[in-house]
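Chemist: Protein sequence lines correspond, in order, to chains A and B. So the first sequence is numbered by the numbering used here: it starts at 368 and just counts up by one. So the second sequence is numbered by the numbering used here: it starts at 86 and just counts up by one.
For the record, the hints were derived by calculation from the structure and aren't laboratory data. Predicted model, so just to flag it, every value in this text is computed and none were measured. Treat the hints with care, as some may be off.
Simulated crosslink set (EDC-like; lysine to aspartate or glutamate; CA at most 20 Å straight-line) [what the hints assert, rightly or not]: (1) Lys139/B / Asp87/B; (2) Lys131/B / Asp509/A; (3) Lys134/B / Asp509/A.
To list a few chain A residues with every Cβ distance to chain B over 12 Å, as calculated [stated by the list, open to error]: (4) Ser388; (5) Pro389; (6) Ala425; (7) Ser484; (8) Ala523; (9) Thr569; (10) Val575; (11) Gln585; (12) Ser615; (13) Ala685; (14) Ser696; (15) Gly714.
Backbone N, C-alpha and C fix where the C-beta goes; we use that ideal spot for every residue, glycine too.
So the chains spell out like this:
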Amino acid sequence: MSRARTFADLATASEAGSLTSPNIVINGDMSVAQRGTSSTSTNLQTVDRWGVSFGGVAVTQTQQSLTSGSPYESGFNNFIRAANTSTSSSTTSYIQFYQNIEAQHIANSGWNFKSSSSFVTLSFWARSSLQGTYYANVVTNDGTAYYRSAAFALSADTWTKVTFTIEGNSNLTINDDNGQGLQVNIVPHYATGYTGSNANTTTWYTLVSNDYFPDFAQSWSESSGATFDVTGVQLELGQVATPYKHESFGDNLMRCQRYFYKYISNNIYGPLGATGMQINTNSTSGTMYQGQHPIIMRAAPTMAYGGSWTGEVATGSAAFALTGSVRSSTLFWQSQEPIPSSGANDGYAAMVYANGDDDAFLSGSAEL
Amino acid sequence: MDIKSAKYIKDTLANDGSHSNIRVVLNNNNTVMAVPINTENSDYNKLMKMVEDKELTIEDAD
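Bound-form chain A, shown alone (with noise of 0.2 Å):
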C-alpha cells in the first residue's frame, strides 16, 4: 500500500471517527483466559467473551500462545485455536468461533445501522491448516435476526489479514439495553445442511432454508487434525480497518469481568474476601455472606464454586458450598450457608476460606 493511500485511509478512519473509537469486540487479542486454557466442550470454555461452537465434529478449543509470524510482529502474544479431533461428514456438521455484543455498546457507538451509508468495520488474523474459502458474519438479535457475512481464503498454514466493511440497513433493530445485539462470527465450517444460496456475500439477508452461509468449497470437518487460528479480531467504526486498538491485560480483563470473573484461591488457604455474620432467627437461621463482584456487571450473574471453601464463625466451622439461598445483582452477591454445629453463636462475625484446597474457585456469569 502506497503513503498516499494509507494517509487517505487515515484521513477517512478519522472523519468516521474510527481513530478514537474503542473496538466494540472485547478481548480481540486473546490475550484474557479466565476460565482455562484448554477445553473439549462446546461454547465459552478457554478465552473470555469467545465461544467456539461446534455440533456433528469433535473440536479442541485452546488458548495458544504466539512467538512468530505477521500478527506476533503487529504485536499479539495470543491467539485462540479450534483443532479437529475427528473426521465427520455429517451433513449438518458446524464450528464457529463466536462473540456476542451486548446492545447497548453497539446502539451507543456511533454507528447508524438504519443507514446504508453508515459503517462498521471487521478485521482480524486467521490461520487454517487447509487451505480454502471461509466466511464470517455478524447477525443482530433484537427483531428479526439478520445476517450479513464476508468470504476470505486463506492459504494453508499461513496468518491472514482479513477485513469486512459493513453498511447498515433500515430493517435491522438493535435496542440500546443489556441484551444481545450483534454476534460476530468467524466460521471454519459449516456443513451443506446450514449452506446454500439463499445465503449471500453482498447484502443483509434472513434466514431462509437454513441457508447460513454460500456452501463451502473445502470440508474442514472431514480433515482430521485441522486447526483454525484466530486472533486480533475489532469491530470499529468507520470504512477502514485501523490498526488494533491494543489495551493493557488489566483494561481488558476488567471490560471481560463484565461478564465473567473467576476467582481462585491460589493458596490452600487462601481467602475468599466475603465477610459473614451468624444469624439465629426462625426463617433466616444461617451465616450470611456477601461479597462485592469485581465490576458491576451486565446482569445479575450466575454464582459458581468449585472446590472446597470452609466458613468459619468464631471455633465453629461449615462448608461453604452455596447451599442455601443465594442473591446476586449487578454488584454484589450473598449466599446463606449452614451455621456451625457448635462454637458459634448469633452475631458472631464470620470469613470464608479454602479449605486446604488451592483450586478452589468462586466465579459469577453474566455472559450474553
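Fit chain B to the known structure of chain A by using the hints.
Modeler: Just chain B now, with coordinates in the frame of chain A:
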C-alpha cells in the same frame, strides 16, 4: 450445561414462599451454580428452555 441435578431454593429473607435461585450441580467436577431467577441471566433462560423442551426437571424447594 451437563447437569447432574437442579433444585429451586426458597428465599428465606423474602419469607413469602418465593425462590431466590436455582441450585444446579454440574457433572463437570461437581461445580455448583446458583442461578438467579432473572430473565436477564442467560443461564436461567437456558434452564427454562431445557425445562420447556423436557430435557430437565427442576426439583421443588424444600
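Chemist: Hint by hint, say whether it matches the structure.
Modeler: Verification of the hints:
| no. | hint | result |
| --- | --- | --- |
| 1 | Lys139/B / Asp87/B | holds, 15 Å |
| 2 | Lys131/B / Asp509/A | holds, 18 Å |
| 3 | Lys134/B / Asp509/A | holds, 18 Å |
| 4 | Ser388 | holds, 27 Å |
| 5 | Pro389 | holds, 24 Å |
| 6 | Ala425 | holds, 16 Å |
| 7 | Ser484 | holds, 34 Å |
| 8 | Ala523 | holds, 35 Å |
| 9 | Thr569 | holds, 32 Å |
| 10 | Val575 | holds, 24 Å |
| 11 | Gln585 | holds, 32 Å |
| 12 | Ser615 | holds, 28 Å |
| 13 | Ala685 | holds, 15 Å |
| 14 | Ser696 | violated, 9 Å |
| 15 | Gly714 | holds, 17 Å |
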